[in-house]
Structure formats: C-alpha cells, structure tokens
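Asker: One letter stands for each residue in the lines below.
2 protein chains.
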Amino acid sequence: MPSANTTAIKPLPRILLDGHGGDGAPDVVLDALQQTLASPLPKAKFGVCGLVEIIEPALKARGLDGLVEIVPATEVIDMCDAPALAVRKKKQSSMHVSARAVRDGDWDAFVSAGNTGALMAVSKLILKTLPGIDRPAIASHIPAVDGGTFFLDIGANAECSSENLVQFAVMGSCYLQAAEGMKSPRVGLLNIGTEEGKGTDVIKMAAARLKDSELNYIGFVEGTDLFSDSVDVVVCDGFIGNVSLKTMEGLAKFMLSTIKQELTSSVVAKTGALLAKGALKRVKNNMNPSEHNGAPLLGLNGIVVKSHGGADAYAYACAIQVARREVEANLIERTIQSMNVLAEANT
Amino acid sequence: MPSANTTAIKPLPRILLDGHGGDGAPDVVLDALQQTLASPLPKAKFGVCGLVEIIEPALKARGLDGLVEIVPATEVIDMCDAPALAVRKKKQSSMHVSARAVRDGDWDAFVSAGNTGALMAVSKLILKTLPGIDRPAIASHIPAVDGGTFFLDIGANAECSSENLVQFAVMGSCYLQAAEGMKSPRVGLLNIGTEEGKGTDVIKMAAARLKDSELNYIGFVEGTDLFSDSVDVVVCDGFIGNVSLKTMEGLAKFMLSTIKQELTSSVVAKTGALLAKGALKRVKNNMNPSEHNGAPLLGLNGIVVKSHGGADAYAYACAIQVARREVEANLIERTIQSMNVLAEANT
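Chains A and B, in that order, give the protein sequences.
So in the working numbering, spot 329 of the first sequence is number 366, and the numbers just go up one at a time.
So in the working numbering, spot 296 of the second sequence is number 333, and the numbers just go up one at a time.
Some clues are possibly wrong.
For chains that are exact copies, the list does not tell them apart, and a pair is met inside one copy or across any two.
30 Å max Cα-Cα, derived DSBU-like pairs, lysine-lysine [to be verified]:
{"id": "1", "residue 1": "K297", "residue 2": "K314"}
{"id": "2", "residue 1": "K126", "residue 2": "K161"}
{"id": "3", "residue 1": "K241", "residue 2": "K161"}
{"id": "4", "residue 1": "K248", "residue 2": "K235"}
{"id": "5", "residue 1": "K235", "residue 2": "K127"}
{"id": "6", "residue 1": "K126", "residue 2": "K235"}
{"id": "7", "residue 1": "K241", "residue 2": "K290"}
{"id": "8", "residue 1": "K307", "residue 2": "K321"}
{"id": "9", "residue 1": "K318", "residue 2": "K290"}
{"id": "10", "residue 1": "K241", "residue 2": "K127"}
{"id": "11", "residue 1": "K161", "residue 2": "K235"}
{"id": "12", "residue 1": "K241", "residue 2": "K126"}
{"id": "13", "residue 1": "K220", "residue 2": "K165"}
{"id": "14", "residue 1": "K321", "residue 2": "K297"}
{"id": "15", "residue 1": "K290", "residue 2": "K220"}
{"id": "16", "residue 1": "K80", "residue 2": "K161"}
{"id": "17", "residue 1": "K128", "residue 2": "K235"}
{"id": "18", "residue 1": "K128", "residue 2": "K82"}
{"id": "19", "residue 1": "K128", "residue 2": "K97"}
{"id": "20", "residue 1": "K165", "residue 2": "K235"}
{"id": "21", "residue 1": "K220", "residue 2": "K241"}
{"id": "22", "residue 1": "K321", "residue 2": "K290"}
{"id": "23", "residue 1": "K82", "residue 2": "K161"}
{"id": "24", "residue 1": "K290", "residue 2": "K314"}
{"id": "25", "residue 1": "K165", "residue 2": "K127"}
Hints were generated in silico from the structure; no laboratory data involved.
In isolation and in its complexed conformation, chain A is listed as follows (with noise of 0.2 Å):
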C-alpha cells in the first residue's frame, strides 16, 4: 500500500476566464469568480484574460488582486462582430489569448460568455480538433425526470454527415462518463420516429455505424424524449438542436408567463400564489436555465465552457464547475481513447 507521502498530488485545475464577452462582463465573470473562491467547492487555479485597465482595478475593487493571474489581451470581440472576421482581424482578443494559452498548456481550460460563432471558430483556428474528429460540437444540459439528458450539436454545425453524427455521439458520450462519472450512458439519435427505416439516409447511415460501435446505442429517440428518463445522450445536427433547444427556450418563457398571469388575476389566486410561493419558485427554479448554464464546446483539443451571454453571476459560477469537472476527469484524454476505440471498430 502506498503511504500517503508517495500518492502522487494531483494539481489544480487551471481555469481562465474571459474577461469580457456576454452582457456583464466583466462585472459578471469576476463576480462569480469571487463567488467561486469563497464556496467551499473543489479549488481551482483561476486567471482573468482581458483588457488589463479593465481587469486590474475591477479585480482590486473585489479584493482578488494578488489571489487571481491576469492575462493580458488587447483586444475584445463583441457580440457584433462577425464571427469569420472577428476570428482574422482580431488575433489579440481576449478569447484568442485565451485560446493560445490552453494550447500552449499554460492553462487547462478556458471559459467565454462571448460571441458563440467567434468562439467556436476561434477555438477551431487554435486549438484544433482532436484525431478522427472532424468538426466540434455546442452541447446543453436539457433539465429533465431523472438528471435530464445531454444534448449536442445545439448550433455549431448547420449541416452534419452521418460521420459527424457518430463522433458527436463519441464526443457525449464521453463528457457524461467523465464529467458525471456514468458507466455506460444510453446514447440516441435524433429522428421524426422510433421505428428503423424513418428520417432522412443521414440518419440511418449514422445508425448503422453506431449499432457496430462500442457506444451503448439505444436507438432512434424522438423530441419527447428529450425529457424523459430513457436515454443520456441526444445526438442531432446543430441545426435541429438549435430549433429544439430555441423551441424549449419560448414554451417554457410562455408558460411561465402564462402562470404569473393566472396567478395575479383575482385576490383568491394571488392568496393562493403566495401560500405556494416556495413551491412555484422551485418549478421556475427547475426551468432556470442558469442552473445548467456552461454548455462545453466538445471535439477540441482543449476545454472550452461557453456560459450564456445572459448568465448573471451565478449562472457563470455553473459554467466554471462544467469547466473544472471536465480537467478534473481527463476529457480529453478519455475522448481520444474513445476515438480510438472507433477507428478501430472501422478497421
């Protein structure tokens, strides 16, 4: 048995934040960083990428100067900027910065509310996707009975093939065996039905290759199932996954609304509503997008977290956990042995 002298000690994770990027920034981010630091979470190395007249005097006025490393950019890309030009004419922004520095390995992670388009290509220019995947994937927690489901692509690619489909479900696969610890998660795929011989030739294509791959592939899952306990993993292009997840995004806004509304309409409602306060507060609570903020960008040589441009503080503080459980269980690592597994499995 080894003594506790000779276990080796695991190092902190590095995680950097963009500075700037989403709609507080970088008020929000350096909030949520300070939240971070006094919980009583797993530590973490942590480090600020921006603008250093910016950062500096923001960080001071929170008493993290001294306890965080700021990363010098001289750039920043808003949410403006069109993501193919932003990624060549702004080499110096903070979230190409960012970038380099989880390439180079002075970092283990970086985490953006920035422009989601600019962070995806910037992130592809720099860090490169890792062997046998040829494009990366945006993915979301869908909160659902049971722990909800894992759902990617949610946008990065409009049009897949039936072999992006297949290392997308490698690529979620993975993150929920590492980043949640499950053995075996059941992965599905996307289709107008569950029956085989539905959906378009893409999507059969990518069924066949997955019944013969190492995956636990449980079949064709239908937009339902999105909320049920049946499957872990959904697989669909980014172009159906932004639908959907954009779909969610407006019922669940509708609903709540209509709620409120019906529960302010007469003096017995309202009565009502304030003797369940605590209760409806937890269903909108269960909705909250923020509890799930952090959706990974997979397929990279690197881990990046791309919070919602919205997220306030705590919403942020969700992204940086998705980003230190991802260093935390070797995503990569896990991922390219997955790869592996399949490119042997085709062999």
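Here the structure of chain A is known, so what remains is to put chain B in place on it, guided by the hints.
Answerer: Same frame as chain A, but now just chain B:
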C-alpha cells in the same frame, strides 16, 4: 341592394367523419358529433364513414340515427399498419372511402383520427395535390401570445427542397386568410438565426424566392418566435417541424408534472394550490393541445383534417370546426388562386 330573396343561400358544409382510427373510435367520434350537433355553432351536414355494423348501433345509442348519414366502408386501417402497405392493400378502408367521397364531390371535407402516415398517403393518392404543389404538408396551431402561430410542415416531409418550403408558405398563408380571416399573414422561415446568410442552402434559396413573392414574408425566425406575436405562419421542413412539436409536447408535460409535484409537496403549498386551483386549471387548459386539435392537411385537392389519435370528444369536436371553417372559407379555391399568382411571378 339585393333583397333577402335574391341572396343565394350558401349550402351547408358537408363534413364526413372517419368512424375509425384513433384511441377511442368510434365512441370519441360520435360523442364529438353529438356535442357539435347540440352546440350553437354554425350548422353543417354530417356523415360517418365506417363499418355499418359498428357505426349504426353506436349512432342509435346516441339518438343520432336519421340525423347523420352513414357512408359504408368494409375495412379499417390500424395504427400499426404500415402506411405504404395500408394504402395499397386496404382500398375499402374508411380512410379510402372518405377520400373518394371528397374527391367525387359527395362531401366537402373529411376528418380522421387515424394513422397519420396512412392518412397523408391515402389523401395524396386519391385527392392529388393542387396545381403547382408538389407535396402536401401537415400544419398545427401553436398556442402563444396574441393567438399563436401556424406551423408547417410538422411531419409529412422529412426532407424538403426550397420550392417545397415556398409552397408551404403559400399554403399556410392561404389557410390563415381563409380559416381565420387574416388579411396579410406574416410568413417567416424557421432558421438558426435571423441574420442573412444563416442556415442551409435550401433555406437561403427559399428566402430569396419568398422575398420576390406576393406573400407578406418577414424573413428568418427562430424557435423562440413560435411563441411570439411577431409572426403568423412559420415554415420549415417536416423533420424540424416534427422534432420541434415533440420537444414542446415533452417540455409542457415535464413542466406541468413538476408544478403538480411541487404544489403537493407540503400542506401550505397544497392550500395555496387549492386557492389558486382555477388559475392553475386555466394555465393547463391554455397549454392543452385539445384546444388546438385539428391539424389541416394542406396542398391537397380536397379538405382533410387530422385529429390527434388520443383526442377526447371535446378535442375531436375542435377538429370538426377546423374542417367546417376551411369549407366555408373556400380554402381550396383561395390556394389555387395564390399558386397562380406565384406561378405568374416566376414567369
């Protein structure tokens, strides 16, 4: 001014109901018919198509014999029949007989709660599509702020050309003009962003064609817009429509079950829920797909309305009203005219 005597009396819409198909047929169908006949809604002439030995006694039991015509059929298409096979093998099914009755002008419309795939295939085979329309589509009302949106295709065509999407736009626009008296429905193309240049080539080409059309085309819309008051007709291919609709179904069910669970979690919450019962019931009703039952099959040379297979009598009665409104508003003639305008714009 014409006297009352010289005004042409509009004949009653003649609506045929498929007595089979759906979970509770024929009881649900006949109960819905009974409710409709007893209601103060505009009158229509009704028939029921199906196996006489089943339909006749069921009508008698409700005191409806003599009030409703029976159109005999000798076969029934089940939910488990493969659509392609059922279309070819069960030519005397209630669906086939109903479609032929509409084609031959004996009835103005038919409503069925049967197998959607079979209903679409039978209707297309027997009624054919309207001039200029390559493929029919299925549409659905989405409950939302300010009356909701009209959404198509929700599952008839897994893959679509840009030309198909343009035709769906015409069909949806005509439907809202006819059935809801809307002057100039705002048409949007469902996409993964509203900026020009977003989406697939198919969508970009459809957008270019719609800009040049007579339709009130407002551009790209996103999944969230299905619940907004900024668009009336939302057009997409049947794969995306189906996934989006089933995502809504799953989320609504999940949210309502979460609400129920939370509101029964403590005595205080239960008391609150009791007081707010009326308000909460209205929320549920507002989300209730029954209120929006009756999905028109559009683009056919004849009026066909699909009722949800699990519809109760109230919901089925809503589908009957969709058929009645389509007949009264001359949907077929309006669609032919609009397709002519589109064809002229193309030449």
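Asker: Each hint: holds or not?
Answerer: Do the hints match the structure? See the list:
Within a single copy, K297 and K314 get their C-alpha atoms as close as 11 Å, and across copies as close as 13 Å, so both meet the 30 Å cut-off. Only within a single protomer do K126 and K161 lie at most 30 Å apart by alpha-carbon distance; the minimum there is 16 Å, versus 54 Å between protomers. Taking CA atoms no more than 30 Å apart as the test, K241 paired with K161 passes in both settings, with 28 Å inside one copy and 25 Å between copies. For the identical chains of this complex, K248 and K235 are intra-copy neighbours only, at 16 Å inside a copy versus 33 Å across copies, given an alpha-carbon limit of 30 Å.
For the identical chains of this complex, K235 and K127 are inter-copy neighbours only, at 22 Å across copies versus 45 Å inside a copy, given an alpha-carbon limit of 30 Å. In this homomeric assembly, K126 and K235 come within 30 Å of each other (Cα to Cα) only across copies, at 21 Å, whereas the closest approach inside a single copy is 45 Å. In this assembly of identical chains, K241 and K290 lie within 30 Å of each other by CA distance solely across copies; the values are 29 Å between and 34 Å within a copy. In this homomeric assembly, K307 and K321 come within 30 Å of each other (Cα to Cα) both inside a single copy, at 17 Å, and across copies, at 17 Å.
In this assembly of identical chains, K318 and K290 lie within 30 Å of each other by CA distance both inside one copy and across copies; the values are 14 Å within and 18 Å between. Proximity of K241 to K127 under the C-alpha cut-off of 30 Å is restricted to the inter-copy arrangement: shortest distance 29 Å between copies versus 41 Å within a copy. When the C-alpha separation of K161 and K235 is checked against a cutoff of 30 Å, the pair qualifies only between copies, where the shortest distance is 19 Å, while the shortest distance within a copy is 33 Å. Taking the shortest Cα distances, K241 and K126 sit within 30 Å of each other only across copies (27 Å), while inside one copy they are farther apart (41 Å).
For the identical chains of this complex, K220 and K165 are intra-copy neighbours only, at 28 Å inside a copy versus 52 Å across copies, given an alpha-carbon limit of 30 Å. When the C-alpha separation of K321 and K297 is checked against a cutoff of 30 Å, the pair qualifies both within a copy, at 11 Å, and between copies, at 13 Å. Proximity of K290 and K220 under a CA criterion of 30 Å is satisfied inter-copy only: 29 Å between copies versus 34 Å inside one chain copy. Proximity of K80 to K161 under the C-alpha cut-off of 30 Å is restricted to the intra-copy arrangement: shortest distance 28 Å within a copy versus 64 Å between copies.
Proximity of K128 and K235 under a CA criterion of 30 Å is satisfied inter-copy only: 24 Å between copies versus 45 Å inside one chain copy. In this homomeric assembly, K128 and K82 come within 30 Å of each other (Cα to Cα) only inside a single copy, at 25 Å, whereas the closest approach across copies is 72 Å. In this assembly of identical chains, K128 and K97 lie within 30 Å of each other by CA distance solely inside one copy; the values are 27 Å within and 80 Å between copies. Within a single copy, K165 and K235 get their C-alpha atoms only as close as 34 Å, which misses the 30 Å cut-off; across copies the closest is 24 Å, which meets it.
For a Cα distance limit of 30 Å, the shortest separation of K220 from K241 inside one copy, 26 Å, qualifies, whereas the shortest one across copies, 43 Å, does not. Taking the shortest alpha-carbon separations for K321 and K290, both the intra-copy value of 10 Å and the inter-copy value of 15 Å come in at or below 30 Å. Proximity of K82 and K161 under a CA criterion of 30 Å is satisfied intra-copy only: 24 Å inside one chain copy versus 64 Å between copies. In this assembly of identical chains, K290 and K314 lie within 30 Å of each other by CA distance both inside one copy and across copies; the values are 18 Å within and 21 Å between.
In this assembly of identical chains, K165 and K127 lie within 30 Å of each other by CA distance solely inside one copy; the values are 18 Å within and 56 Å between copies.
The structure meets every hint from the earlier list without exception.
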